Amino acid sequence: RYACHGNALSFYFPDPDGNYLEMYVHTPWYIPQPHGVPYDLSLPSEEIMRKVEAHCREDPGFMMEADRQKQARKIMPG
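Numbered per the numbering used here, the sequence shown spans residues 14 to 91.
Calculated from the structure, these hints are not laboratory results. Some hints could be false.
What the hints assert, rightly or not - What follows is a list of derived Cβ distance ranges for each label pair:
(1) Ala79 x Asp28: 20 to 28 Å
(2) Asp28 x Pro90: 34 to 42 Å
(3) Pro90 x Glu59: 36 to 44 Å
(4) Asp30 x Pro73: 18 to 26 Å
(5) Asp28 x Arg70: 13 to 21 Å
(6) Arg86 x Val38: 20 to 28 Å
(7) Gly31 x Pro90: 41 to 49 Å
(8) Ser58 x Phe26: 30 to 38 Å
(9) Asn32 x Arg63: 17 to 25 Å
(10) His39 x Ile88: 32 to 40 Å
(11) Gly31 x Arg70: 37 to 45 Å
These numbers come from a predicted model, not from an experiment. Glycine included, each C-beta is placed from N, C-alpha and C at the ideal position.
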């Protein structure tokens, strides 16, 4: 199973012992969680990233991850 969480692209699969594993790649975008929609892993990586960015920008809570981190540091310094 593949899922776009906005802040990451995830790939879920079972290991030989039946444990469920997740591998993910961070993105530079943030949208409120929980969020998960499928994406097409057969596309070239550049096209996946374009589609994911466009999807994220449609969310009213969209912001760049760096901006979200700055906002969080103001609320929770240290």
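Hints versus structure:
A hinted range of 20 to 28 Å for the beta carbons of Ala79 and Asp28 is inconsistent with their spacing of about 34 Å. The given range of 34 to 42 Å is respected by Asp28 and Pro90, whose C-beta atoms sit roughly 40 Å from each other. Separation of Pro90 from Glu59 is about 38 Å and conforms to the stated range, judged on CB atoms against 36 to 44 Å. Checked against the hint of 18 to 26 Å, the pair Asp30 and Pro73 fails, with Cβ atoms roughly 41 Å apart.
Checking the proposed 13 to 21 Å range against Asp28 and Arg70 shows it is violated: the Cβ atoms sit about 35 Å from each other. The beta-carbon spacing between Arg86 and Val38, approximately 24 Å, falls within the hinted interval of 20 to 28 Å. At about 43 Å, the beta-carbon gap between Gly31 and Pro90 stays in the expected band of 41 to 49 Å. In this structure the supplied range 30 to 38 Å is violated for Ser58 paired with Phe26, their Cβ-Cβ distance being about 19 Å.
A C-beta distance of roughly 33 Å is found between Asn32 and Arg63, which places it outside the suggested range of 17 to 25 Å. Between His39 and Ile88 the beta carbons are some 21 Å apart, a value that contradicts the proposed interval 32 to 40 Å. Distance hint check: the CB atoms of Gly31 and Arg70 are about 38 Å apart, consistent with the given range 37 to 45 Å.
In this structure, the earlier hints numbered 1, 4, 5, 8, 9, 10 are contradicted, and the remaining ones agree with it.
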